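Chains Z and F, in that order, are what the protein sequence lines are.
Take 72 as the starting number for the first sequence in my numbering and just add one per residue.
Take 72 as the starting number for the second sequence in my numbering and just add one per residue.
Hint data in this document are derived by calculation from the structure and do not stem from the laboratory.
The structure displayed is predicted, hence computed values, not measured ones.
Any given hint could turn out to be false.
[Unchecked claim] Sample of chain Z residues lacking proximity to chain F, with all beta carbon distances greater than 12 Å (derived):
id	residue
1	91
2	219
3	386
4	485
5	599
[What the hints assert, rightly or not] Now the in silico label distances, taken between C-beta atoms and shown as ranges:
id	chain 1	residue 1	chain 2	residue 2	range
6	F	456	Z	379	52 to 60 Å
7	Z	733	F	746	24 to 32 Å
8	Z	732	F	171	55 to 63 Å
9	F	744	Z	289	51 to 59 Å
10	Z	105	F	744	54 to 62 Å
11	F	680	Z	381	57 to 65 Å
12	F	288	Z	643	52 to 60 Å
13	Z	691	F	135	38 to 46 Å
14	Z	289	F	497	41 to 49 Å
15	F	746	Z	109	36 to 44 Å
16	Z	676	F	744	49 to 57 Å
[As the list claims (entries may be wrong)] Derived lysine-lysine pairs resembling DSS-like cross-links, with alpha carbons at most 25 Å apart:
id	chain 1	residue 1	chain 2	residue 2
17	F	463	F	744
18	Z	749	Z	728
19	F	749	Z	743
20	F	372	F	749
21	F	662	F	131
22	Z	732	Z	744
23	Z	749	F	732
24	F	286	F	657
25	F	103	F	372
26	F	286	Z	749
27	Z	286	Z	732
28	Z	372	Z	382
29	Z	382	Z	744
30	Z	286	F	749
31	F	744	Z	286
32	Z	103	Z	236
33	F	728	F	463
34	Z	131	Z	463
35	F	744	F	728
36	F	749	Z	744
37	F	743	F	434
38	Z	749	F	743
39	F	131	F	463
40	Z	382	Z	197
Cβ coordinates follow ideal geometry from the N, Cα and C atoms, glycine included.
There are 2 protein chains.
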Amino acid sequence: MDFFYANLIYLIPVLGIVGLIAMGIKSAWVVKQDAGDGEMTTLAGYIADGAMAFLRAEWKILGFFVVIAGILLGWSGMTVHTSSPIIALSFVCGAFLSAFAGFIGMRIATKANVRTTQAARTSLAKALKVSFTGGTVMGLGVAGLAIIGLGSLFIVFYTMYVTSKGESVNGEAMAKALDVLAGFSLGAESIALFARVGGGIYTKAADVGADLVGKVEAGIPEDDVRNPATIADNVGDNVGDVAGMGADLFGSYVATMLATMVLGREIVSPDKFGGIAPVLLPMVIAGLGLVFSIVGAAFVKISNENSSVQKALNLGNWMSIVLTAIATFFIVQWMLPDNYTFHMLRDEDANHVIKEGSLVFTKSGVFASIVVGLVVGTLMSIITEYYTAMGKRPVLSIIRQSSTGHATNIIGGLAVGMESTVLPILVLAAGIYGSYHFAGLYGVAIAAAGMMATTAMQLAIDAFGPIADNAGGIAEMSRLPEEVRHRTDNLDAVGNTTAATGKGFAIASAALTSLALFAAFVGVAGIEHIDIYKADVLAGLFVGGMIPFIFSALCISAVGRAAMAMVEEVRRQFREIPGIMEYKAKPEYEKCVAISTKASIREMVAPGLIALITPIIIGFAFGPEVLGGLLAGVTVSGVLMGIFQSNAGGAWDNAKKSFEKGVVINGETYYKKSEPHKASVTGDTVGDPFKDTSGPSMNILIKLMSIVSLVIAPHLHKDLNHNPRLQRQIEERSMVAPAKTISKKI
Amino acid sequence: MDFFYANLIYLIPVLGIVGLIAMGIKSAWVVKQDAGDGEMTTLAGYIADGAMAFLRAEWKILGFFVVIAGILLGWSGMTVHTSSPIIALSFVCGAFLSAFAGFIGMRIATKANVRTTQAARTSLAKALKVSFTGGTVMGLGVAGLAIIGLGSLFIVFYTMYVTSKGESVNGEAMAKALDVLAGFSLGAESIALFARVGGGIYTKAADVGADLVGKVEAGIPEDDVRNPATIADNVGDNVGDVAGMGADLFGSYVATMLATMVLGREIVSPDKFGGIAPVLLPMVIAGLGLVFSIVGAAFVKISNENSSVQKALNLGNWMSIVLTAIATFFIVQWMLPDNYTFHMLRDEDANHVIKEGSLVFTKSGVFASIVVGLVVGTLMSIITEYYTAMGKRPVLSIIRQSSTGHATNIIGGLAVGMESTVLPILVLAAGIYGSYHFAGLYGVAIAAAGMMATTAMQLAIDAFGPIADNAGGIAEMSRLPEEVRHRTDNLDAVGNTTAATGKGFAIASAALTSLALFAAFVGVAGIEHIDIYKADVLAGLFVGGMIPFIFSALCISAVGRAAMAMVEEVRRQFREIPGIMEYKAKPEYEKCVAISTKASIREMVAPGLIALITPIIIGFAFGPEVLGGLLAGVTVSGVLMGIFQSNAGGAWDNAKKSFEKGVVINGETYYKKSEPHKASVTGDTVGDPFKDTSGPSMNILIKLMSIVSLVIAPHLHKDLNHNPRLQRQIEERSMVAPAKTISKKI
């Protein structure tokens, strides 16, 4: 035990390395599988090339951004004593690892897709194994790199600023170490913004463009090899759903850990681990979650063609969650002191809370908060599934309203999307209330960390979907036998459900992460309240609430513009290249790929700058409290718009899909090509940018604005040379007499 | 002058009576006009009967509601010392006067419509005169009744609680008088909720239902006498656009005055008007605005067929605004002391503000705040017009996106709506910031009061639109000569613009009103902060932000359901009544009227209860600070959703209308019945409930929730028998030494 006490801090990156080793083994297994015959590999090659072309183009512009932002960060770090130029290094590491995780995911996805198609020629079980293993590689890569990066940088900064100088672990030196570490999270989240927004624009421009000309005008099926935009469409699945989602969760994962660490510093925990147990805890939980994700992944398998793929995924998911929860219980018991004092409470709170007997939180309270986080994440996924699943009331109502035309289909979908915000918000509000009740602001943050612990598993399940989707596309393009397409369709259908629940999880995680970052920001900025009764703070709240609307508008219009360009290119190729329709001439796939790539890179700049620059302007012009109001507005409005758009899009999508098997409206059965089906296609097309571009990019928006605020917080501090709150803490510390300690039971 | 000093309080209701007298004269003039031949009066009779049938049905359910709510209010008033059972009387007065104002508006509108048609047989100038005079009757009725009601009740309560007992005008007795007066505003706003939401559902159910079968399926023009739903559609214009808008502005008008009075009580102004000048000021400004609205109305006239109707309306509007602003300048100079001390500032604010030299506000500051309010209102109208006007970028972008189908038209409209939130929110935020800067929270409230001063004129311009619309409908149904329809179309087109700008004004007024009420609520509830850094307040903010989404979802689905019922009834009549199409049989108009009436009454209950009950539950379960968080969330999210939905709807509407004259897309000209036009009809149909049901009902939602909170605020007071803030004020009052007075220049 003594060994662990002394070396726990070094164990964290080791857990990350374990994850990467497992990843390497699984990756090697996938690559070893049969990739099929000539045409399949050719098509898969186009997709892989297109995906890499996007990454290269993205990296080029991101390279500029990282260098400029890094220089600015380093320079500003030098100008205030609370930060350091080393934050620039931290930032670059975060950006690099996030980009590298995206590369790993994209690479394995473009290898696993064609191998899944080939496996589907044999059996469903084999196809699931290949596609899910591909997803696992992505999940383990993201989680492993995040833990290694954050864990090792923490060791470096902790040694550099605190232990090597004999500074207090609750004092300003530690605050500085964590400020610098925040650069890592900023780097990761910046890359995530461009990956999510750019990827979202890419995938929907290609998808909408391919559908509008291919399906509607030329009357050829989806994923038809004759459609010039079909390769771009399949690349889009990888760019948006694999790399975009991966970067999103990489960012959430890192940010929750970081925010919990910042809040954990304020906890006086003198007896174990050099007093930094509350700071280490979120990283340890993440490490455990990574290991149990590997364990859970082993349970994802089916025995025959009729087994339920969904059940297999659920089993693996629940195994990893339950095992992580159990392990976390013991870890919390072992690491934390019985009671701890939380210094971030303001005076009035302290008075208020002392009366209720909870100035001192307990380790049971911390564990209870983690459970709250797990419950919130699960409920959010279940609610999202209800609102977007086939055969449930919301989707059925849209189907019914498709019978009176395009307009009523749209009205139905918008109403479903708006209604679908109610339960998630109530769950989230209860989660905030509950986790705070159990363990204060640290509780809110650790709830988020608990929820994110099994990120590797969540991502494996998420990334499996687009791999299966691609596999189906390759099967269609290669005109493989019906049974192959049938198997990949089976996987793809499950993938649609996991995509919806994954979105619920992603937005819940983004919301809790932002709140944790928000709490950390308030602490670091040295403000005592964010009082919306003040006119300027209220004005900030309004402006913040508006940002998700303009951000969404920019994303949606970007898709519209890019899709129009795609439509024109596809029409041109049909017109100018004779023989495409008779399979005699090959379309110029690369031109469509180039259009999506260029458009997404160009269009992601404006929303990206809004997210990055607004908090800086507001913070420096109006001070930290107004910035706090802005953040609250962005978070509330962003979560609402995210849920609204994602769920409306998901519901429209499945309303359309329902027509494939035939739906009954007022006693009549309608199939594809019927008038109600056409109305449902309109809804699906509107829903595409909603659910895959603007909706999910809300996650990044709210997190990024919070992390930017956290990074600039020390600069906004009213009195840079004197932090009265920290001062008071140091004075108070000696006054916390055991007699005042009132234990709190849950 | 001495006479005025002593009797100003009695002059306020006199100004209201002046308004009502002017109304009577104008009303008699309208009724005296020729109502045309047999068929016209028959059709107008159907519309008038339908409108009254709706009012009767609405009043029946509202009667129940008012009695029950009144009893509850009276009972709860008895249980706390701060309120009184007399609040029930106040509530009933507010409800009755609001309903009565609605009746006046509806009655004159259903008389003016057919007389406008008849006048249009002669000249455009005559038609404008009749329709605008009808609108003026509505405007003067609403403003006159509001001023008389609020003014006289204030005299009663002021005498009863304060002067007859020799109590301080800044103390608790005055607070009680204003608490009781808040019941008046609650009554008015409750009726407004049902009028706006019920009216909004009515008008769009009829409109969408009439269009889907009449225009799309049967191929007959709008307002065709053969369409069974056409009378319901025309009734809807009166029910939604006249009565609904009137009740909305009646509510805003009363609520802004009340909120300013509540905040005015906190100002120590001992030298004039018995110390209540700041309390009287908003009512005096409203009275002046009413008088100058009468003056401005005289300028609305045109000389010949080619004169610009829009310019005539603008001239009248600007005359009333400028004259009111000038008069207000002198009134403020005359009524207010040079400097005044505002006691509602919290300690930290006071410290902060003393440093900047503005603890003491000046009368110039108050006037500056009023100017801010006028500027905000004007800018909001201009921005709204830009985003919804034909020929401007936003509408043109939707037209262009109509060329690629229904889906891209919808995406375009949604993007325009979202984008259109940016400028109004920046204007609003700047308005909050500016008015607070000039005169503190009283400044924010008086800015709203200044903006609302010319409500009579705004409503006259607003109500003119649906009267002209109805006049056109009657002309079409009576198959009058082309030139008549041409003249009414000219008026109707201007009416569409004024409807859009009126919505901008209504939402700006609702937003400022809610903020004023919010400030008053915080004061009355006796809380010092609303700190969103507290977990429970933040949870309240999230829940509050969600309410406009579920409210919108309920409104939109209600329209969808009611429209479906209407579609089925119209189809049934076409099927079962032979000879309709050949003008041989009369459709059963009353059945369609009954469907809209029943649906709107039934469907307005659920959203209404959400708005009324949520603040009560949250307030009593979690306390005033969490309720404050909830209100902030509702206000921010409600304003955003209101702007988004109203502007998207307006832009879709005008994109569709643009096709009537032909639009050029990529070098080709498209007219009605072209594919892009069909796509634009889809957008218009989606936009109908957006712009006329859910969008405008956001105004009522945010105001009503704030006023409910203000009314229950004394009950939520932490210590009912002791208000520490008031106590402190009384103590402080003697300490405000002239030496500390730092004058503030603007």
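Now the hints, each set against the structure:
1. For residue 91 (chain Z), the requirement that its beta carbon stay farther than 12 Å from each beta carbon of chain F is met, with the minimum near 37 Å.
2. With a closest Cβ-Cβ approach of about 33 Å to chain F, residue 219 (chain Z) is found to remain outside the 12 Å limit, as its non-interface label requires.
3. Every C-beta of chain F lies more than 12 Å from that of residue 386 (chain Z), the closest at about 33 Å, which supports listing it as non-interface.
4. Chain F draws residue 485 (chain Z) into its interface by the beta-carbon criterion, the shortest separation being 6 Å against a cut-off of 12 Å.
5. Not every C-beta of chain F lies more than 12 Å from that of residue 599 (chain Z), the closest at about 8 Å, which undercuts listing it as non-interface.
6. At about 57 Å, the CB distance of residue 456 (chain F) to residue 379 (chain Z) agrees with the hint of 52 to 60 Å.
7. Between residue 733 (chain Z) and residue 746 (chain F) the C-beta distance comes to about 28 Å, which sits within the given range of 24 to 32 Å.
8. In this structure the hint that residue 732 (chain Z) and residue 171 (chain F) lie 55 to 63 Å apart at CB holds, the actual value being about 57 Å.
9. Separation of residue 744 (chain F) from residue 289 (chain Z) is about 25 Å and departs from the stated range, judged on CB atoms against 51 to 59 Å.
10. Checked against the hint of 54 to 62 Å, the C-beta distance between residue 105 (chain Z) and residue 744 (chain F) comes to roughly 57 Å, which is consistent with it.
11. At roughly 39 Å, the beta carbons of residue 680 (chain F) and residue 381 (chain Z) sit outside the given window of 57 to 65 Å.
12. At roughly 38 Å, the beta-carbon separation of residue 288 (chain F) and residue 643 (chain Z) lies outside the given 52 to 60 Å, and the hint is violated.
13. Between residue 691 (chain Z) and residue 135 (chain F) the beta carbon distance is about 56 Å. The supplied range of 38 to 46 Å is therefore violated.
14. Between residue 289 (chain Z) and residue 497 (chain F) the C-beta distance comes to about 45 Å, which sits within the given range of 41 to 49 Å.
15. Here the CB-CB span from residue 746 (chain F) to residue 109 (chain Z) is close to 43 Å, well matched to the stated 36 to 44 Å.
16. Between residue 676 (chain Z) and residue 744 (chain F) the Cβ separation comes to about 41 Å, which falls outside the hinted range of 49 to 57 Å.
17. Restraint check: the Cα-Cα separation between residue 463 (chain F) and residue 744 (chain F) comes to about 23 Å, which is no more than 25 Å; the hinted pair holds.
18. A threshold of 25 Å between alpha carbons decides the hint, and for residue 749 (chain Z) with residue 728 (chain Z) the separation of about 12 Å falls inside it, so the pair holds.
19. Our distance criterion of 25 Å between C-alpha atoms is met by residue 749 (chain F) and residue 743 (chain Z), whose separation comes to about 21 Å.
20. About 38 Å separates the Cα atoms of residue 372 (chain F) and residue 749 (chain F), which puts this hinted pair outside 25 Å; it is violated.
21. For the hint pairing residue 662 (chain F) with residue 131 (chain F), the CA-to-CA distance comes to about 19 Å; that is within 25 Å, so the pair holds.
22. Distance restraint check for residue 732 (chain Z) and residue 744 (chain Z): the Cα-Cα separation of roughly 12 Å lies within the 25 Å cut-off, and the hinted pair is therefore satisfied.
23. Between the alpha carbons of residue 749 (chain Z) and residue 732 (chain F) the distance comes to roughly 29 Å, so the proposed pair goes past 25 Å and is violated.
24. For the suggested pair residue 286 (chain F) and residue 657 (chain F), the alpha carbons sit about 18 Å apart, so the restraint of at most 25 Å is met.
25. Between residue 103 (chain F) and residue 372 (chain F), the direct Cα distance comes to roughly 19 Å. Compliance with the 25 Å bound is thereby established for this hinted pair.
26. Restraint check for residue 286 (chain F) and residue 749 (chain Z): satisfied, since their Cα atoms lie roughly 20 Å apart, inside the 25 Å limit.
27. For the suggested pair residue 286 (chain Z) and residue 732 (chain Z), the alpha carbons sit about 18 Å apart, so the restraint of at most 25 Å is met.
28. In summary, the hint linking residue 372 (chain Z) to residue 382 (chain Z) is supported, as the alpha carbons are separated by about 9 Å, within the 25 Å threshold.
29. Only pairs whose Cα atoms come within 25 Å are accepted, and residue 382 (chain Z) paired with residue 744 (chain Z) is rejected, the gap being roughly 33 Å.
30. Taken as a hint, the residue 286 (chain Z) and residue 749 (chain F) pair is honoured in the structure, with Cα atoms around 20 Å apart against an allowance of 25 Å.
31. The suggested pairing of residue 744 (chain F) with residue 286 (chain Z) holds, with an alpha-carbon distance near 24 Å, which does not exceed 25 Å.
32. Straight-line distance between C-alpha atoms of residue 103 (chain Z) and residue 236 (chain Z) comes to about 51 Å, which puts the hinted pair past the 25 Å bound.
33. For the hint linking residue 728 (chain F) to residue 463 (chain F), the alpha-carbon distance of about 13 Å falls within 25 Å, and the restraint holds.
34. A C-alpha spacing of about 45 Å is found between residue 131 (chain Z) and residue 463 (chain Z), which places the hinted pair above 25 Å, so the restraint is violated.
35. With a CA separation close to 12 Å, the supplied pair residue 744 (chain F) and residue 728 (chain F) stays within the 25 Å bound.
36. Note on residue 749 (chain F) and residue 744 (chain Z): the hinted pairing holds, with a Cα-Cα distance of about 19 Å set against a maximum of 25 Å.
37. Among the hinted pairs, residue 743 (chain F) with residue 434 (chain F) is inconsistent with the structure: their alpha-carbon atoms are about 57 Å apart, more than 25 Å.
38. About 21 Å separates the Cα atoms of residue 749 (chain Z) and residue 743 (chain F), which keeps this hinted pair within 25 Å; it holds.
39. Proximity of residue 131 (chain F) to residue 463 (chain F) is assessed by CA-CA distance (about 45 Å); at most 25 Å being required, the pair is judged violated.
40. Restraint check: the Cα-Cα separation between residue 382 (chain Z) and residue 197 (chain Z) comes to about 16 Å, which is no more than 25 Å; the hinted pair holds.
In summary, the numbered hints that this structure violates are 4, 5, 9, 11, 12, 13, 16, 20, 23, 29, 32, 34, 37 and 39.
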